[in-house]
Amino acid sequence: MKKILEVFLGIVTGIGGFLEAGSLATSAQAGAQFGYQLTWALVLGALSLIVLVEASGRLAVVSRRTVAEAIRERFGFGYFSLPLVAGVVVSFLVLASELAVTGVALQLVTGISYRWWAFPVALGGWFLLWKGNFGIVEKGTGLLGLVSLVFLFAALKLHPDWGRLAAGALPSAPKEEGAQYWFGAVSILGASISPYLFFFYSSGAVEDDWKEEDLPINRITAGLGMGFGAGVSIMVLVTAALVFFPRGIEVARYEELAMLVAQPFPRFGFALFVLALGITCFGAAAEIALTIAYLAAQGWGIPWSENQKPAEHARFSLVYSAAFLLAPLLAAATDPLKLTNLSMAVTAASLPVSVLPLLVLLNDRQLMGEHRNRLPGNVALVLISVMAVVLLFVSIPLAFLGGG
Amino acid sequence: MLIVRDLLDSKLRDTFRREIGRVDGIVLEVEPGAPPRVAWLEAGGPVAWRRASHTLARLDEALRRRWGARQTEPARLPWSAVASTEDGLRVTVDADRTPAMAWELWLREHVVHRIPFSGRGR
Amino acid sequence: MSEVRVERLLGTWVVDSEGEKVGRIEELLAADHDGECRVLEYHLGRYGKLESLGAMGRLGGALARFLSNRSHEGYAVRWDRMDLSDPAHPRLTCRRAELPRL
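Chains as they are written, first to last, in the numbering used here: chain X, 800 to 1203; chain U, 10 to 131; chain L, 403 to 504.
Heads up, a few of these hints could be off.
[To be verified] Some chain X residues close to chain U (C-beta under 8 Å, calculated; not the full set):
#1 Gly875
#2 Phe876
#3 Gly877
#4 Ser880
#5 Trp929
#6 Lys956
#7 Trp1099
#8 Gly1100
#9 Pro1109
#10 Ala1110
#11 Glu1111
#12 Ala1113
#13 Arg1114
Hints were generated in silico from the structure; no laboratory data involved. No residue lacks a Cβ here, since even glycine has one placed at the ideal position from N, Cα and C.
For reference, chain X alone in the conformation it holds in the complex:
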């Protein structure tokens, strides 16, 4: 019975925790510019994420090490410094964008600019980590994040063309604006497969003390939680395809996304949109700041746990505190949508340093024992690795050619 509850919570948290500033912006922009055509990028991103999250969870359970710890131990600090620096830099950019967009949600309600809101939002996020524990951070924000299901209902209300959506799930070449199309695809992949997600997930498996008998839960949470979560992202794309695309409206600011929900639900749509935007981005901000601390602590062998009081782990707590101190400065200084688009491209470019080691680690007999990858898992990981390397080379150039 307890296990069923855990599975349910895991799936629900995956759904509620999936949508955030990056996936929202990239899906909406894709839908607005290209209709259903980029659905395949979301599907590809979701499938890749499921594989990576399941793998990192399995690694954490079997080897009793998080992904960061395993990379450090197997490849040494010299190599680890690459995913460490990349992870911290990318996570910091994304954190700033989450703070900015949470500020945008508050701006929509109060009229006060997000540039001011970024600071109290950061303070709130910091307080959540300082006073709370891992369960509250992950499950609390995940459950509240279920408000993002409003996009599912909005899409249903607008009666999408399911046939064309299914067709969009298969890759196709753009008819025009090639650079923007491919940049859209790259950004979606960056938003879906953020490395912080599997660093966070494997840390969670250790925080929650998962054992080998929890491996099936790991598979279900990864598959259904991430899968349904990606479904919500697809619904964002669908609503944008139905609301913006026919009118030729291009998304230039986050505020415009309110129309996606306000149009199908004239009475409460705006309020629901604001709630969804604010809650999901705030939750993501907390998780990302925590991930920065996990990365730094785990690589150095510094004691870490969100389940302990800050005084027990001074350095760990101060890392996420420093992140919350500095990120709002960046958030206040930039345009939220531009910052998000940039951080998604950089995320996509940084994938290989985190993904390639997984390929090696999950085949390590000493670490994984009988749970090491079999052929299907390896084929999937190799394909994802190849994709990650391609993204490394194309994402930054495309950001200049096709981005905002």
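Starting from the known structure of chain X, arrange chains U and L on it as the hints suggest.
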């Protein structure tokens, strides 16, 4: 035992199973006519950064000196104090007496305890 | 008696007594002896540990490592055949041909 695989980068815990850090460096004593001996394990300090980049190592050293953490040297643990266990290496020292914890204790006393709700006095 | 750092040895090229390149130091095999841990063998291979390579090299090395696990090429060098008087340039006291393969 394989030194690179099993020792280097492994977690270090003290007598009370608290984490000290990771093995960032291993010092061998080499004398003619005898196999080299593992003399010391080093944790923390610029040793780790030196493996990534010399520039970063110098930066780390400069920062430590500036902010006055008690030691700029890494924790040097004699091999005689080391035992291998399931969850890493156990060292028969008290972590609080090693430079490895210098930063942790300083930050706890001077920064964290000054912030409310830090769990001070538990 | 001199001190040598393992992490500096890693990935360093080793030449034999005639100056021929043999391989990079990848691993050290040690054993407990009267409470002391002594190095018995050095394992030389093509890749060394990843830190000795540049940034992109480390990425490629990680993959190469994975692929090469299937057929590992290398040499085992007994401790008394390794001259570490200059740790940055280790030399063997024998010829490569005399070394057993891994």
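Hints and how they fare:
{"no.": "1", "hint": "Gly875", "result": "6 Å, holds"}
{"no.": "2", "hint": "Phe876", "result": "5 Å, holds"}
{"no.": "3", "hint": "Gly877", "result": "4 Å, holds"}
{"no.": "4", "hint": "Ser880", "result": "4 Å, holds"}
{"no.": "5", "hint": "Trp929", "result": "6 Å, holds"}
{"no.": "6", "hint": "Lys956", "result": "44 Å, violated"}
{"no.": "7", "hint": "Trp1099", "result": "6 Å, holds"}
{"no.": "8", "hint": "Gly1100", "result": "3 Å, holds"}
{"no.": "9", "hint": "Pro1109", "result": "5 Å, holds"}
{"no.": "10", "hint": "Ala1110", "result": "4 Å, holds"}
{"no.": "11", "hint": "Glu1111", "result": "7 Å, holds"}
{"no.": "12", "hint": "Ala1113", "result": "4 Å, holds"}
{"no.": "13", "hint": "Arg1114", "result": "6 Å, holds"}
Checked against the numbered hints listed earlier, the structure breaks hint 6 alone; every other hint is satisfied.
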